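*Asks:* Sequence:
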Amino acid sequence: FVAHERRAAWQGAGPIGPPESALPRLSLLLALLLLATPALARERLRERVARRPAAPALMDPLPGTERLAITVDGATRHYLLHRPPHADGPRPLVLVFHGMGGQGARVERLSRFSALGDQAGFAVAYPEGEEGTWRVLRDPRTEITFTRAVVADIAARTPIDRQRIFAAGISNGAMMSAA
4 FVAHERRAAW QGAGPIGPPE SALPRLSLLL ALLLLATPAL ARERLRERVA RRPAAPALMD
64 PLPGTERLAI TVDGATRHYL LHRPPHADGP RPLVLVFHGM GGQGARVERL SRFSALGDQA
124 GFAVAYPEGE EGTWRVLRDP RTEITFTRAV VADIAARTPI DRQRIFAAGI SNGAMMSAA
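Everything in the sequence shown is counted per the working numbering, starting at 4 for the first residue and increasing by one.
The hints are simulated quantities; they were obtained by calculation from the structure and are not laboratory data. Owing to the predicted nature of the structure, the values given are computational and were not obtained by experimental measurement. Be aware that a few hints might be false.
Unchecked claim - Restraint ranges, calculated between C-beta atoms of paired labels, are given here:
#  : residue 1 : residue 2 : range
1  : Arg165    : Arg144    : 19 to 29 Å
2  : Leu119    : Leu31     : 31 to 41 Å
3  : Arg141    : Glu50     : 51 to 61 Å
4  : Ala182    : Pro27     : 16 to 26 Å
5  : Pro88     : Arg112    : 54 to 64 Å
6  : Arg54     : Arg167    : 40 to 50 Å
7  : Ala34     : Ala72     : 48 to 58 Å
8  : Gly104    : Arg160    : 48 to 58 Å
9  : Glu134    : Leu31     : 18 to 28 Å
10 : Glu133    : Arg54     : 14 to 24 Å
11 : Thr79     : Ala177    : 35 to 45 Å
12 : Leu32     : Gln166    : 30 to 40 Å
A virtual CB, placed ideally from N, CA and C, is assigned to each residue, including glycine.
Assemble the whole structure, with the sequences as input and the hints as a guide.
*Replies:* See the structure below:
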């Protein structure tokens, strides 16, 4: 009985769907929905960013790690540097990038790269994104310029092997490490 009512409602559309006269309207509706979806997603993202809580208080780095500031393109940016205590000669460097909303001291604690660097004899840098984020998709040139400046600043402070520079990251920082 239900199947008979459905067919009657579509007046001979058959078991598959609506009559051909309804297809242009359905296609138009589907196209409008597909066009509206990215705009709605952008608006929701803007709302979430606007409601985002204030950045957490700046954490202190672990003992043996120092917070350094450099000026890049007129802006002061920061990074943390951990040097192994007993390494001779040029050593490898690992850059560890925090995730969105993070900071160098937090990813230092989570990753434990500083302790690993002490054991294996490599330096570790934790660059910090502006306002806790890496704008690698929107403004990669600025972020890459900053990263290169961090490496140059480290090379001026401690001997590093420029053939052994590595990058790692969490979430938004992983995108930065791949840039």
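*Asks:* Now tell me if each hint is right for this structure.
*Replies:* The hints, checked one at a time:
no.	hint	result
1	Arg165 x Arg144: 19 to 29 Å	holds (21 Å)
2	Leu119 x Leu31: 31 to 41 Å	violated (58 Å)
3	Arg141 x Glu50: 51 to 61 Å	violated (18 Å)
4	Ala182 x Pro27: 16 to 26 Å	violated (45 Å)
5	Pro88 x Arg112: 54 to 64 Å	violated (19 Å)
6	Arg54 x Arg167: 40 to 50 Å	holds (43 Å)
7	Ala34 x Ala72: 48 to 58 Å	holds (51 Å)
8	Gly104 x Arg160: 48 to 58 Å	violated (28 Å)
9	Glu134 x Leu31: 18 to 28 Å	violated (42 Å)
10	Glu133 x Arg54: 14 to 24 Å	holds (20 Å)
11	Thr79 x Ala177: 35 to 45 Å	violated (25 Å)
12	Leu32 x Gln166: 30 to 40 Å	violated (58 Å)
In terms of the numbered hints stated before, the structure departs from hints 2, 3, 4, 5, 8, 9, 11 and 12, listed from lowest to highest.
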